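Okay, here's what each chain looks like letter by letter:
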Amino acid sequence: MCLAVPGKVLDIEERDGTRMATVDFGGVVKEVCLEYVPDLRVGEYAIVHVGFALQRLDEESARKTLALFEELGLLQEEFGDPWEAAAEPPRWEEPGAGPAVAAGDGAREAGR
Amino acid sequence: MKYLDEFQNPELARRLLDDIRSTVTRPWALMEVCGGQTHTIIRHGIDQLLPEQVELIHGPGCPVCVTPLEVIDKALEIAARPDVIFCSFGDMLRVPGTDRDLFQVRSRGGDVRVVYSPLDALKIAQQNPHREVVFFGIGFETTAPPNAMTVHQARKLGIPNFSLLVSHVRVPPAIEAIMASPDCRVQAFLAAGHVCSVMGTGEYPELAARFRVPIVVTGFEPLDILEGIRRTVRQLERGEHTMDNAYPRAVRGEGNPAARAMLADVFEVTDRSWRGIGTIPASGWRLSERYREYDAEHRFSVEGITTREPAACRSGEVLQGFIKPHECEAFGTLCTPRSPLGATMVSSEGACAAYYLYRRLGTTPTPQEASPVV
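Here the protein sequences line up with chains A and B, keeping their order. Take 184 as the starting number for the first sequence in my numbering and just add one per residue. Take 5 as the starting number for the second sequence in my numbering and just add one per residue.
Just so you know, not all the hints are guaranteed correct.
[As the list claims (entries may be wrong)] Quick list of in silico lysine-lysine cross-link-like pairs, DSSO-like style, CA-CA up to 30 angstroms:
#1 K127/B with K213/A
#2 K213/A with K328/B
#3 K160/B with K127/B
#4 K213/A with K247/A
[As the list claims (entries may be wrong)] Example chain A residues on the side facing chain B (calculated, C-beta under 7 angstroms, incomplete):
#5 A187
#6 D199
#7 E218
#8 Y219
#9 I230
#10 H232
#11 V233
#12 G234
#13 F235
#14 L237
#15 Q238
#16 S244
[What the hints assert, rightly or not] Chain A side only, calculated, beta carbon under 8 angstroms to chain B, not exhaustive:
#17 L186
#18 T205
#19 C216
#20 P221
#21 R224
#22 D241
#23 T248
Rather than coming from a laboratory, the hints here were simulated on the basis of the structure. Just so we're clear, the structure is a prediction, and the values are computed from it rather than from any experiment. Every residue, glycine too, gets a C-beta built ideally from N, C-alpha and C.
So that you can see chain B by itself, here it is in the shape it has in the complex (with noise of 0.2 angstroms):
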């Protein structure tokens, strides 16, 4: 089996996992924000290889995933229609809407094209100017800042058939609603990293003291994952609540001041919906007035829209840490990858997917995979 063997280091993380066990003394819930920390955890088998008193809730860092179903269904009329030309990154491709999904929408002759950049749809836009050229942009604050520059540039270069479908989210408010709801089993937080090199660590300090959970900006590599872990355990079981920064190599306190000042130029912070949960005050970007031409639910009339969520889904749940991917009764009998009900089990970031790709059906693991160090 994988565990230890393929992480980098194996010693190194052999004596962070010993450092967790020797330090652990009761039982403790941290939260991972990001689902590529999700993603990594699963793949892993980091949540195994921990003692048992260290539970692992998986967070809402997903952006496909809390991307909200009305949005989605935009983008699908959107990409339908003959005079546009529909792009976005290759992981919402098979996030369901209400009865398609943007893979469906190109075979049935949607021009739907996937790019690696939002620069690329930009380019699109410069060649093909007597077409409409959308890009949906969605994600967090990692992504927010190459669609901002995107939507600048299309002004700069007077690029007009060029706009943008946004949905973008904000982390620190979610880290808020969690804490806030009277179900939250959250005591601390591994932090999303690359949201942090970009917006820096301010808001965490305030955030950490106010619910007195200690946040720990964490990266993504197994080594960085176990770290932040180490570090979380350690505040956790002296009852101390700060914010500390275990991925400097990439997150310096002030992030990137150029990003985010071209944020603060482009949009403006909005309530959000969020898929699963439900709307979350000021957890959003949308397009600043300044930049309203470019916002494509401005440029087509997408009102009105009807959706529809699969009853049997339950990725907010999960999206919430409430219950674990393999307790929904859909998982892996309604809802697998290959026909799934919530974009939890769509983007490799989603738990549901991680748990389904990697056999965390629910199943007893064998002895061996219990304690694969040992």
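Isolated chain A, as found in the complex (with noise of 0.2 angstroms):
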């Protein structure tokens, strides 16, 4: 829960008089809320923490951090399902059978 993603800004609306933004994070996208970044615009990119984004990144930055962590398993850590992990946590099971860390090609670009 200490990670906090760097995500690009796709809409903003308005909702129950918060300003809340639709957020893609290398192919996952989640409701983002935007009281602390107020200013952030459409297409801009925040370091997103819980939901909420706390500050402004500047695009280049934004595409290596995500890129870098999807290639580490980190966006998988961040986004998928916990109960999941919780009941079956197949990577903790022998010392060092850690998440697979080498990803392809294909998984570097899906974080552009």
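Once you've looked at the hints, go ahead and assemble the two chains, each given alone in its own frame, into the complex.
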């Protein structure tokens, strides 16, 4: 939950008096609250933590970080099914049996 | 093996490492405060790539790990109530309480739900007006503003069946407590980048001067961490001790003023107990008097809980950098991620889990592992 992931704002709307956005995290799309970065515009990037934009980020930094997170499986950690992870923790089973770290070019490209 | 070939820019990583190697002349002990940084360091073997004079000590910056057992037990008791929908982030599910965890509460019929954002929990409260919806509000200065905004929204929208079980903690008092300890070996800090993206860097120059320790604000990618270490070692070698921001793309001096204003409105500073460490003065937040009605501890009777920490668990010493995870007798035997004694073995940001996952068992690395660059 410490992870803060860069995302790109797809659209913005006012909901219940709150500025909300649809944000794309390298393919995963989530609702994000913009109240803390209210001047964020469609097409811009921000660091998002637990559904809240916390700081604006330049596009190049955001794309680099997203690509790296995707490659390392961190996006799956952040957005995957936590019940599945808690019920069946296969990657913890044996020491050293960590998540696959060497993703192919496809995964890298998907983050761009 | 992994190491430099998986860094996004191996050439840049190599240059940073060369710079650190050519700068360092003496042994130095640096503490990375944030659990996310610990995870990156162990995952990429950064600690093994560094010259042996540079030691990284893992700090208490994993929010799941430092949430006190008493609060976990309160969460479990509230979550087990039939009238409650208990919402939490996924990484709390396996954190052991005295005699169960949230996953077990759910398997015995408790309505425990995992949410991505605290606003999702508020939505659940709106959709279930006849149930009490409680959100487990833990975390550092990065997570506190979203939770503060959610309570603010609950009031604004008139949602009476929502409350927050609060156990928020603040980094600067933890740095003070670590430096004030007579056993402290830490000579410099890599400060947590995303905490600073909210709070800014204002508190750090004074801390750096008072304790004569460099504090370098650092991001989370391997190159961010190497750059943070490089700047820290330069200061140490020159006898300097200032605050330096090595993560300017996400951290501005003033932080996020809107988030800080909301924090100041919804929360007030309080003493907090840290699991394995004890109470640190002014090291946390609780809901302010104006928002007390949204405090789950006031709404539900959860006083008089008796907690029992496993005697074999040494996570407190790990969290303060006194021992490395594999130096604990229970590590990898009595205590594994499937059957954890303490939270540092549960969360992916916990030092024990990171050591277990990436084979840091205290064994001597092979020559290839020890010198992956050459």
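Comparing the hints with the structure gives:
For the hint linking K127/B to K213/A, the alpha-carbon distance of about 15 angstroms falls within 30 angstroms, and the restraint holds. A threshold of 30 angstroms between alpha carbons decides the hint, and for K213/A with K328/B the separation of about 38 angstroms lies outside it, so the pair is violated. Only pairs whose Cα atoms come within 30 angstroms are accepted, and K160/B paired with K127/B is accepted, the gap being roughly 14 angstroms. Using a Cα cut-off of 30 angstroms, the hinted pair K213/A and K247/A holds, with the two alpha carbons roughly 20 angstroms apart.
Against a cut-off of 7 angstroms between C-beta atoms, the interface hint on A187/A holds, since the closest Cβ of chain B lies about 5 angstroms away. Restraint check, D199/A versus chain B: the minimum CB separation of about 6 angstroms is within 7 angstroms; hint holds. Interface restraint check for E218/A: the shortest CB-CB distance to chain B comes to about 6 angstroms, inside 7 angstroms, so the restraint holds. This hint holds: Y219/A has a C-beta 5 angstroms from the nearest C-beta of chain B, less than the 7 angstroms allowed.
This hint holds: I230/A has a C-beta 6 angstroms from the nearest C-beta of chain B, less than the 7 angstroms allowed. Nearest Cβ of chain B to the Cβ of H232/A: about 5 angstroms, under the 7 angstroms cut. The hint holds. Checking V233/A against chain B by beta carbon gives a least distance of about 5 angstroms; that is within 7 angstroms, so the hint holds. For G234/A, the interface hint holds, the least distance from its beta-carbon to any beta-carbon of chain B being 3 angstroms, beneath 7 angstroms.
Interface restraint check: F235/A against chain B, minimum CB-CB distance 4 angstroms, threshold 7 angstroms, status holds. Hint on L237/A holds. Least Cβ distance to chain B is approximately 5 angstroms, under the 7 angstroms limit. About 5 angstroms separates the beta-carbon of Q238/A from the nearest beta-carbon of chain B, less than 7 angstroms, and the hint is met. For the restraint placing S244/A at the interface with chain B, the shortest Cβ-Cβ distance is roughly 5 angstroms, inside the 7 angstroms limit, so the hint holds.
With a least beta-carbon distance of about 6 angstroms to chain B, the hint placing L186/A at the interface is held under the 8 angstroms criterion. Hint on T205/A is violated. Least Cβ distance to chain B is approximately 13 angstroms, over the 8 angstroms limit. About 6 angstroms separates the beta-carbon of C216/A from the nearest beta-carbon of chain B, less than 8 angstroms, and the hint is met. Given the 8 angstroms rule on beta carbons, the hint for P221/A holds: about 7 angstroms separates it from the nearest Cβ of chain B.
Residue-level restraint check for R224/A is violated (minimum Cβ-Cβ distance to chain B is 16 angstroms; threshold 8 angstroms). Taking 8 angstroms as the C-beta contact cut-off toward chain B, the hint placing D241/A at the interface holds, the least distance being around 6 angstroms. For T248/A, the suggested interface contact is upheld, since its CB lies about 6 angstroms from the closest CB of chain B, less than 8 angstroms.
Hints 2, 18, 21, counting from the list given before, are not met by this structure.
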